[in-house]
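Novice: As a plain string of letters, each chain reads:
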Amino acid sequence: MIDLDKVAHDYGGGALLSDITLRLEPGSFHFLTGPSGAGKTTFLKLCYAELVPTAGTVRLFGRDLREMRRDDVANTRRRIGVVHQDCQFLDHLTIAENVALPLAVSDRDPGAQADNLSELLDWVGLSAQARARPPELSGGERQRAALARAVMMDPEIVLADEPTGNVDWEMSLRLLQLLVELNRMGKSIVIATHDLNLIRAAKAQIAARVLRIKDRHLQLAGADL
Amino acid sequence: MRLLSLLRVIVMGERNASRVVPPTGFTVGLTLFSAAAMAFLAVFALALSLATGRLADRWADALARTATVRISAPPGQMQAQTDAVMAVLATTPGIADARVLDEAEQRALLAPWLGPDVPVGDLPLPQLIEITEDAQGYDPENLRLRLSAEAPGAVLDDHTRWRRPLVRAADRLRLLGVVSIALIGLTTAAMITLSANAALAANARVIRVLRLVGARDSYIARAFVRRFTGRAFQGAAAGTFLGMAGVALLPEADSAGSFLTGLGFQGAGWLWPLLIPPLAAIVAFWATRAAAFRTLRGVT
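Listed in order, the protein sequences are those of chains A and B. For the first sequence, position 162 (counting from the first letter as 1) is numbered 162 according to the numbering used here, and the numbering increases by one without interruption. For the second sequence, position 102 (counting from the first letter as 1) is numbered 102 according to the numbering used here, and the numbering increases by one without interruption.
Derived contacts from chain A toward chain B, CB cut-off under 10 angstroms, selection only: (1) R78; (2) R79; (3) N98; (4) V105; (5) M152.
Some chain B residues well away from chain A (every beta-carbon gap over 12 angstroms; in silico): (6) R65; (7) T91; (8) P119; (9) S148; (10) A149; (11) S180.
Treat the hints as calculated values from the structure; they're not laboratory data. Quick reminder that beta carbons are idealized off the backbone N, C-alpha and C, glycines included.
Using the sequences and the accompanying hints, generate a full structural model.
Specialist: Following this line, the structure appears as structure tokens:
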């Protein structure tokens, strides 16, 4: 699904990630942890083709990222749902329009999946806020809307970057529950977080692998979690 | 496909684009205003070009269809050579009429230089014969040869010396009009490109989000192209209407003096300005498309 082989990346001021090798299998559940600035967001950006590695190979659904044309990248991103830490909403659109945005920009028939939108909003508990603008929502509501948008195109994998970073514990558990539900539907999940309590709560429910970025390298976290 | 796309853009305006790209007031206003102003100027440049074209044709036509034979001979031979020239002209194919200018006409020709009361008969002036050619025209070289054989003092002046600079001047004026229209088109493209670049820069975050959710470059570019093409068409339509009204309100040719004679559109010429709005839309379509794809190349 997503393969990283000896991947390295730097922004011009020294390597941030080095010698990263990982295969994300269908239906897997991964946590990616590490201190702030360790490279978690960079790792995710490599996985959804916002960055190209400075060394090594990233394969998305079997295709080398470097060999993809821009339209191929766009098509691939429709197969990857991403929940950004800052949600990345368009504030002039309603929540319903933001959630439906991946569908609006795709070639798919909007009418065919119109029901999906109301189901998704219902699933994340935002039916009542469908016509609200993003700034009118709380942090937790925005994260849930971002999750709904991430799965709008029925992606095979969902990448979440600090999805619980700006919400309280109760909302964190609710978001985690939604992500676990998605995993049980067969989707691969990768959550970048530094919230160890969230990881423990997840491990109580599912078999999740916990990876840690330390000193630019990716490690399998031990029993300390 | 491109034409259909353009038509759809013009007809539908920004209805779809506004769904994802927020309106940015000043760029929209700038595009409307610049398209209107440029279309207004284009109407006048077009009117000038068409008028000078007509002028060039008229001068060329009027001068090309007349010629003069000038006979310089001693007084004793003048009448004989005049008769000989008239005989030659009468048998020359392509000449509709040949007429000896009388004393009064010669005096009128000299009046601007020598005054109205000059006794022309006392001056050793050449005799002038005015030739009007028919639609078929005559062969000037052949006529010159025959005149030199029959009347050694006769010289044919087919007005080439006069006609060429006049026609060249009128053609230059027409060319200036065409160049002005081209410059107006390029300026319109430049201004719309600047507006589009400003809109693209103002919406950098929107573009990034659209790319992140899987939008192709063509989709994002289309959102901007729709908006600017529609605005350029609307602005150019308004400018063209005002320009045509301005041309229509120009003083009548008869009362406006010779220089302005015929400036404006005549008959089917009024249809030409109607091409300006669609042309402005085409210019905006390509200018915005190029600007959008240039910007998108910098977004992952």
